[in-house]
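Engineer: Residue-level listing of the chains:
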Amino acid sequence: MTPDRMISVCLGTRNQSKLIPQTLDSIYSQEINGYELEVIVTDDGSDDGTDAVLDRYPSLIRFRLENSTYRNGVFAKNMSLRNAHGDLIIQQSSDIIHTSKNVIASLVEALPGHRATFATVYNYLSDTKEVEEFQYTGPINHRPFFFLGACYREDVCRVGGYDPLLGNVIYYDDTWHSDCLLNMCRVKPLFLDVIGWHQHHNRRIYDTKPAKDIYYQLLRESIKGQRNYLSSAGPWKYEPGRSVAEVEGSLA
Amino acid sequence: MTTAIVTLGTKDNREGCQPLMDSLEKHSPPPSTVDKLVLCDFDDPPVDFAVSVPVTVDYSDLLLDDKDAAKKFFMFLLPYNQVIYLDSKLMCTGDLSVLWSEQLNQHLLYAKHLPDGGIDDRVMVFNHDRQLGFHDAFLYLARVHMFDGYGKTSRDMLNGYFCHTKRKVGNLQGLNIR
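Top to bottom, those sequences are chains A and B. Under my numbering, the first residue of the first sequence is numbered -15, with each subsequent residue one higher. Under my numbering, the first residue of the second sequence is numbered 977, with each subsequent residue one higher.
Source of the hints: derived by calculation from the structure; they are not laboratory data. One thing to keep in mind: the hints can contain errors.
Unchecked claim - Calculated pairs, BS3-like style, for lysine-lysine (alpha carbon to alpha carbon, straight line, at most 25 Å):
| no. | chain 1 | residue 1 | chain 2 | residue 2 |
| --- | --- | --- | --- | --- |
| 1 | A | K172 | B | K987 |
| 2 | A | K208 | B | K1012 |
| 3 | B | K1128 | B | K1088 |
| 4 | A | K221 | A | K172 |
| 5 | B | K1043 | B | K987 |
| 6 | A | K172 | B | K1043 |
| 7 | B | K1043 | B | K1012 |
| 8 | B | K987 | A | K208 |
| 9 | B | K1142 | B | K1128 |
| 10 | B | K1002 | B | K1012 |
| 11 | B | K1002 | A | K208 |
| 12 | B | K1088 | B | K1043 |
| 13 | B | K1002 | B | K1142 |
| 14 | B | K987 | B | K1142 |
| 15 | A | K196 | B | K1043 |
| 16 | B | K1043 | B | K1002 |
| 17 | B | K1002 | B | K1128 |
| 18 | A | K172 | A | K2 |
Values in this document were obtained by computation on a predicted structure and should not be read as measured data.
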């Protein structure tokens, strides 16, 4: 299978042992005729038994980052992205379920001409089996965030993945990543009506200001031409068929 | 506090951008800490009198008579605490320093109130920190047709939002601008 027919599904996770099985089951049930699939999960130091859950998926490519405090998903997502071999990347959260068997195929087949495609994502309340009306992203909420979406690995490498400057603060990592893709790679995102369900879970409320200040500064400097739309650790070296980790080394 | 003055410089709006910025420099030069931005399309050549900012959001699905006018909504995503929008068909004729004086900070949005009860969206002051997700919230309501009854201009859409949410818009009156 050539790299342009290989799809790498890249996830980062932390303490979602109750949610990630549904996510992985829905990924492995996808019908992707003519493509090869690799699924890469980086566990960002979970202590809730995620390891044992992931053991049930022997074909999974797994990494684990050790840390004692919660961080943004930046380092975990980058670890998965840097170890991807496919030219086609599915980026998604570890709590998103694919609701039909053609989600990945639809996202990937719509990539030419757009370079980034996004599924419609709704909140799914597992207790009541209800789906909320509000779209996280989709045709009526055009937010180019990879709750569940596809892009080319070459573009991810060109912007250097997610920015480590936003790795130890919460929020804006995905916003900046999207800004970089949109501006550096001239991506024209396409929002599809293939559906993903976000499994509802309680979240802590974090102070957004530290992340906002960093993000605003990065964006302002880029707008004014004082820096490129680029992760501070980017770009990554891209070679078809070889992961960034193989080309550059394995640091996240 | 970061502040930017922004105008829309796409298609028909492009011609007026430089005269507007020149008139600003002549009659009411903003401090050097205030950035001057022109919203443009990706393929437009950059301007030399301000910073060109490509509009990276697709607004073409909005039910507006002038599809291009919706690109001004990109101002709500700019990474500044305060964004001052000036329509490119306007000219500055006197002191406008009140706009960047940091006095206009009590409301999310300031605009001139019109006799019909709506707002004039040709001059706006947007205080980003008062609602960080405003752009997405506004566009979401627009896309679920919440404002269809208000009309098909960008002004109608903004009026629709502030009527629907019952949020007060600060009044800009008596500005030296025509």
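Engineer: Could you run down the list of hints and mark each one as holding or not?
Structural biologist: We went through each hint and held it up to the structure:
no.	hint	in the structure
1	A/K172 <-> B/K987	holds, 19 Å
2	A/K208 <-> B/K1012	holds, 10 Å
3	B/K1128 <-> B/K1088	holds, 19 Å
4	A/K221 <-> A/K172	holds, 23 Å
5	B/K1043 <-> B/K987	holds, 11 Å
6	A/K172 <-> B/K1043	holds, 17 Å
7	B/K1043 <-> B/K1012	holds, 24 Å
8	B/K987 <-> A/K208	holds, 22 Å
9	B/K1142 <-> B/K1128	holds, 20 Å
10	B/K1002 <-> B/K1012	holds, 14 Å
11	B/K1002 <-> A/K208	holds, 23 Å
12	B/K1088 <-> B/K1043	holds, 23 Å
13	B/K1002 <-> B/K1142	violated, 38 Å
14	B/K987 <-> B/K1142	violated, 34 Å
15	A/K196 <-> B/K1043	violated, 30 Å
16	B/K1043 <-> B/K1002	violated, 32 Å
17	B/K1002 <-> B/K1128	violated, 35 Å
18	A/K172 <-> A/K2	violated, 35 Å
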